[in-house]
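In my numbering, the protein residues as written are 23 to 86.
One thing to keep in mind: the hints can contain errors.
To be verified - Computed Cβ-Cβ distance ranges for the label pairs, DEER-style:
id: 1; residue 1: V83; residue 2: G53; range: 32 to 42 Å
id: 2; residue 1: S25; residue 2: V50; range: 34 to 44 Å
id: 3; residue 1: V50; residue 2: R81; range: 26 to 36 Å
Everything labelled a hint here was simulated from the structure, so no lab data went into it. The beta-carbon is built from N, C-alpha and C at its ideal position, and this holds for glycine as well.
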Amino acid sequence: MISYTRYERARIIGARALQISMGAPVLVRTGRIDPLEIALEEFEKGLVPITVKRHFGEREVVVA
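Take these sequences, add in the hints, and give me the full structure.
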């Protein structure tokens with residue numbers, strides 16, 4: 023699994039929870055109802071379809 027900073031992790035899970043609460047399809051079978059818990063489970067299983075761009079001065083690195 024890719025190593026994310028705690029800020030990236032929080033942003034990814036929060037953004038995915040918002041998508042789920044707005045009606046996006048859930049990517050994992052679960053009995054949970056809370057979008058935040060569902061997003062966390064998706065993140066832990068590596069199923070979240072979000073990429074992170076890290077900027078290092080002039081360089082930009084995409085983390086899948």
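Taking each numbered hint in turn, which are not upheld by the structure, reported in ascending numerical order? 2
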